[in-house]
Every structure is written in C-alpha cells, then in structure tokens.
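Line by line, the protein sequences are chains A and B.
Take 1 as the starting number for the first sequence in the working numbering and just add one per residue.
Take 1 as the starting number for the second sequence in the working numbering and just add one per residue.
Honestly, the hints are just simulated from the structure, not real lab data.
Any given hint could turn out to be false.
To be verified - Which stretches of chain B does chain A cover? Using the computed rule of at least three CB atoms under 8 Å from a CB of chain A, they are:
{"#": "1", "region": "57-67"}
{"#": "2", "region": "103-115"}
{"#": "3", "region": "132-138"}
{"#": "4", "region": "141-149"}
{"#": "5", "region": "156-168"}
Said to hold, decoys possible - Counterexamples of contact, computed for chain A against chain B with all Cβ distances above 12 Å:
{"#": "6", "residue": "I23"}
{"#": "7", "residue": "S37"}
{"#": "8", "residue": "D38"}
{"#": "9", "residue": "S40"}
{"#": "10", "residue": "A142"}
{"#": "11", "residue": "A170"}
{"#": "12", "residue": "R173"}
{"#": "13", "residue": "K185"}
{"#": "14", "residue": "A248"}
{"#": "15", "residue": "L297"}
Note that the Cβ used here is the ideal one computed from N, Cα and C, for glycine as well.
Number of protein chains: 2
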Amino acid sequence: MNRVALITGVTGFIGGELARRLIKDNWSVAIVVREGSDLSSIADISAASTTYRYDGTTESLTSILDEAKPDVVFHLASLFLADHVPSQVTDLIGSNVLFGAQLLEAMVACGVRNIVSAGTSWQNFHSDSYRAVNLYAATKQAFEDILGFYVDRYALSSVVLKLFDTYGAADKRRKLITLIVDAVKNAQELGVSPGEQVIDISHIDDVVEHFLRAGEFSIARELPKSHVFFVSGERFTVKELVKAIESAADTKASIVYGARPYREREVMYLPAVDGKTPPWDSLVSKISLRQGVQALLNS
Amino acid sequence: MNRVALITGVTGFIGGELARRLIKDNWSVAIVVREGSDLSSIADISAASTTYRYDGTTESLTSILDEAKPDVVFHLASLFLADHVPSQVTDLIGSNVLFGAQLLEAMVACGVRNIVSAGTSWQNFHSDSYRAVNLYAATKQAFEDILGFYVDRYALSSVVLKLFDTYGAADKRRKLITLIVDAVKNAQELGVSPGEQVIDISHIDDVVEHFLRAGEFSIARELPKSHVFFVSGERFTVKELVKAIESAADTKASIVYGARPYREREVMYLPAVDGKTPPWDSLVSKISLRQGVQALLNS
Chain A
1 MNRVALITGV
11 TGFIGGELAR
21 RLIKDNWSVA
31 IVVREGSDLS
41 SIADISAAST
51 TYRYDGTTES
61 LTSILDEAKP
71 DVVFHLASLF
81 LADHVPSQVT
91 DLIGSNVLFG
101 AQLLEAMVAC
111 GVRNIVSAGT
121 SWQNFHSDSY
131 RAVNLYAATK
141 QAFEDILGFY
151 VDRYALSSVV
161 LKLFDTYGAA
171 DKRRKLITLI
181 VDAVKNAQEL
191 GVSPGEQVID
201 ISHIDDVVEH
211 FLRAGEFSIA
221 RELPKSHVFF
231 VSGERFTVKE
241 LVKAIESAAD
251 TKASIVYGAR
261 PYREREVMYL
271 PAVDGKTPPW
281 DSLVSKISLR
291 QGVQALLNS
Chain B
1 MNRVALITGV
11 TGFIGGELAR
21 RLIKDNWSVA
31 IVVREGSDLS
41 SIADISAAST
51 TYRYDGTTES
61 LTSILDEAKP
71 DVVFHLASLF
81 LADHVPSQVT
91 DLIGSNVLFG
101 AQLLEAMVAC
111 GVRNIVSAGT
121 SWQNFHSDSY
131 RAVNLYAATK
141 QAFEDILGFY
151 VDRYALSSVV
161 LKLFDTYGAA
171 DKRRKLITLI
181 VDAVKNAQEL
191 GVSPGEQVID
201 ISHIDDVVEH
211 FLRAGEFSIA
221 RELPKSHVFF
231 VSGERFTVKE
241 LVKAIESAAD
251 TKASIVYGAR
261 PYREREVMYL
271 PAVDGKTPPW
281 DSLVSKISLR
291 QGVQALLNS
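So that you can see chain A by itself, here it is in the shape it has in the complex:
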C-alpha cells in the first residue's frame, strides 16, 4: 500500500513541487483546491492525483478527508501578501486562519492524525520570539496558535516548517534572486536597495525534501506534539548574493545599489536557527547556490 498524502496549496510554488515529488515517489496524492481554481498550470499534477474542490465550509473538508483518508496532510495553502490593504484583511484571515482551522477540524472528525504545514521566518522579525513582519506573518502565527490547541486536545502530530527564502526553476514569483539571475542572463541593469540585508536561501528541491521528511516524522511520531522547525539554507547579504550569482554565472551583473530604498520593515538580520532546525537536517544534502543558479541559468 502506498502512503496517501493530501496537499493544499498545489497551485503555489512549494505545494506544486511537493506534489510532483510525491507523485514521482509513488505516493497516492489527493489535492484540495478552491471551487473555481484554475488548474491549467498544474495539469500534470491533477492528472496524477485525485482532485477535490473545497466550497468554503468545514463540511466539504470533512467529506474530502473522509474519502481521501490521508496518512498525512501537507498544508501549503496560503495567501501571501508582503503588504496588505484594508480590503484584503478578510481574505488573509480566511485563507491563512479559517481554512486551516476548518482543515484541522475535518482531520479530527475523520481520524486523520498527521499534519505538516508551512510557517514563515517572518514570524520572527528581528527577534527569536514571535514578532510579525507583516499581517501575513501574523496570520501564520494565529494559525499556529490554533494548531497548538488541536494537537494538544485531539492528540494530533504536527510539524510546522518555518521557511526563509526559496527559489527554483518553477518559481513564478518575482523574487529578488530571480530578478538578479534574469538581469545577469539578459545583461540588463537592475536597481535594488542598498543591499546590506541578510537573506537565507534554500533551493526548492531541498525544501521539498524537508517536507517529505517532516511527513515521515509526523507519521512515525510516538507522542502527539506540535513541532516547529526552521528550514535554513545558505545566508548572504544581498550584495554577497549578487557576487555569488556573478561567480556561478561567470558574468558581471549590472546592479545599481541604493536605486530603491529599503522596504518599510525590511528584514535586515535573521533569527538564529541553532537548535531549531529539524532532527533530519544533516541528512538533506543541500544544493549550493552555485549549483542552483547554474541550473536556473540553463533552464
């Protein structure tokens, strides 16, 4: 019997890549998408998995979990907004708190015990304890609070992986590393901030590996518990990142530092992760930025 995974957020970068990996590894995969979600970008995934539509109610999730009976739920769905405007508050709470709470309730109703979800390092703005960079990160913390209750009350087994920056060929987000690689590739000028902020970057294949191992960890757990781990890769200042990309590409980039100001609440330095990485951390062979960037340049 293959293991069964239920995944939310497959239309996103990490959820999609995780689904592809699970399918490749012969897991039986169920995906949950909103009614009306456009699945054209994940046709390969939906063809190789069972697709369920969520109608906004707890009851629809209960029916889904009851049918799918997953060994583990990978909860990757979230609404990401670096900044929000007032009209987005309802959607942020709906996607990042309500949907997760409904999912947990459905798990309890169906006897599904194991969940792996994605947190963000932005829950630790210049702090080793909770301090949110933005409302997105605050909603992630709010979900973690609710998750903590479900784990404790209903003996669930949970792993939250708190992510820093991630990158990879399938990433359609316009993140800084992509912009820099594109600038190198196309020999174009790129205006950036003064570039002294530190980022922590992991290749998507490593992140997916962490989710897989977290799933196994969650399934194998002896005691119900809420585990929270940081997934940490390599750390650079933005200026160092540019140099590393130039070195990997063997090309000089045309970067104009200070062309943009730092963002409001720019993350300048990162929380320490010592003792907060997963127990399997050393088993994940990290893809170096050099390798990852060369793969991006060739893609």
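Could you slot chain B onto chain A? The hints should help.
Okay, now just chain B, sitting in the frame of chain A:
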C-alpha cells in the same frame, strides 16, 4: 469635551455593564452591533449612545470609526463556546479573529490609537504560557497575536485583560455561581462535579472598573505597547465557594458532589498571576464574594 468610547459586544454581560458605567460617567458612547442584532435587552444603552451596524466588512468598520472617532475602543465582542462542534468553527474564527482584525485595520485607517480587549484565563490551561482549554481560547490567542502585530507596526496602544470567572446580577449566563446561588435561594438540590477545581471569581463592578482604568491607561500611554494583564479576584475551590455562599446567605445549600463528572479538560488549578496583574490593581476596591452574593440574593 467628554471622552469617546466605542464598544463592541454590548449585548454581552461585560460589554453591557461597561457601557452602562461609561454612560453613567458621562462618556460619549458609540456601540457597534451586527446587522440584525436584537437590542431589546440593551434598550437603555442604545437610547444613551450612538448605535452603528456592522455589515461584516472592514469597510463598514472604517466608516463607523471614522464617524465615531473614539479615544479608545473597548473590544468585548466574542463568541463564547465552552465546547464547539464542527459547524461552529467558521463562526468562532469569524467572531473572535476576523472581526477583531477588521476592527484593528479600521482603527489604523482612521487614526484611532487605543484599544482595550478581553482575553481569557483559558488561554493558560494548567500553564503559565499559552495552552488553550478550548477552541474559543485558541481563537482569543490568535487575535492577541494579530493585535501584537498591529500594535508593533502601527504604534497602537493596547491592553488585553485576561479574565477568570465573573458574576453579577445582570449575568444571564448559567454559570456555576448563579446555579449555586439559585439553589440556595430556592432551596433546591443541585448536582455538581466532585468540586475540587479552583476558580477565580470577580464581581462585574470590579471588572468594569478594570476596563475603565485600562482605557485611561491606554490613552495615557507614553510608548505604544501591547500590555496583557490578568484580572484576578478571589480564589476558591468549588467546595469552598459553596461554603462561602452558604455563609453569605446564612443558609445551608443542598449540593450533591460527584453527581456530574468533571468536564473534559476541566480547569483544576489556575495560572499564577503574581507580577501579571494591572499596575492599578490595588486601586480597585474588590467587592468580596460575601457582599456580591448578598447583593445577588437581594436582587
């Protein structure tokens, strides 16, 4: 110029009594109620305040705050459920997380800086740090973490008062103290749990006084900060509580201990409050259980 308070949750016990006190003290009071809320039980309050209807959107709250321009928001609205069933998850998140987040967003949009809200000791189930007794308490913690972001990001001034048990003549909830007083009053038998659990009980007039002082504290704040204080009254085991009520009433109660089992996740002992009570705590002259019960018996 009178101070202006905006209150949510006036149809509840504490919100209603706070509104009456503020009106009595010549505050200018604005109340926010849901569309369709029945205000017949608070006709005295709505007659002496400005009533605004919330339609579920952030925008409606922004319009309300923009017109009311309160010096302080007293956020007492919440959906209380000791236990929940799956169909109530959406309402719990909606009332206790989403509505509060929308309120904070509206405050920021309108330049309203001060908020006092109600937390619960049930966020500390047999623990000095966060551990929720029930989903209700978990949603309170989720709101507190979202509040923490707004305070930090937008320089709000916030006080959360974490409440234990409260009682008073206007209380329509069927709480244990009311049931015991009624049993004494009507010379009826009452079956209860084995009765060894500890409760911490405050008279509503004291709780209202704490909210008023928290409002002034919030307005007078020098630095934006998120303050969290416990409101603690007298502590008794249930058995001791019965004895104290019998003594105040000068009548023997007919209580059958062990007639009911303890609840699932019964709170048997309480978090320590040393150093976590408000700085004005000693200024609130606590109404003793004896006085409070005698007032109840005479009401």
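Comparing the hints with the structure gives:
A count of 4 residues in the region 57-67 of chain B with a Cβ less than 8 Å from any Cβ of chain A is obtained; the coverage claim is therefore met, three being the minimum. For the region 103-115 of chain B, the assignment as covered by chain A holds, since 3 residues bring a beta-carbon within under 8 Å of that chain's beta-carbons and 3 suffice. Only when three residues or more bring their CB closer than 8 Å to a CB of chain A does the claim for the region 132-138 of chain B stand; here the count is 5, and the claim holds. With a cut-off of 8 Å between beta carbons, the region 141-149 of chain B has 7 residues touching chain A; three or more are needed, and the interface restraint holds.
Proximity of the region 156-168 of chain B to chain A, defined as three or more residues with a beta carbon under 8 Å from a beta carbon of that chain, is not established by the 0 residues found. The Cβ of I23 of chain A sits about 30 Å from the closest Cβ of chain B, beyond the 12 Å cut-off, so the non-interface label holds. A cut-off of 12 Å between C-beta atoms confirms that S37 of chain A is not in contact with chain B; the least separation is 20 Å. Against chain B, the non-interface label of D38 of chain A holds: every CB pair exceeds 12 Å, the least being about 25 Å.
Listed as a non-interface residue, S40 of chain A keeps its Cβ farther than 12 Å from every Cβ of chain B; the least gap is roughly 30 Å. Not every beta carbon of chain B lies more than 12 Å from that of A142 of chain A, the smallest distance being close to 4 Å; the non-interface claim is violated. Even its closest Cβ contact with chain B, about 31 Å, leaves A170 of chain A beyond 12 Å, as expected for a residue assigned away from the interface. The beta carbon of R173 of chain A is kept farther than 12 Å from every beta carbon of chain B, the shortest such distance being approximately 23 Å.
Every CB of chain B is more than 12 Å from the CB of K185 of chain A (nearest about 36 Å), matching its label as outside the interface. At the 12 Å boundary, the C-beta of A248 of chain A stays outside the reach of chain B, the nearest C-beta of that chain being 37 Å off. Once the 12 Å rule is applied to beta carbons, L297 of chain A is consistent with being away from chain B; the minimum gap is 38 Å.
In this structure, the earlier hints numbered 5 and 10 are contradicted, and the remaining ones agree with it.
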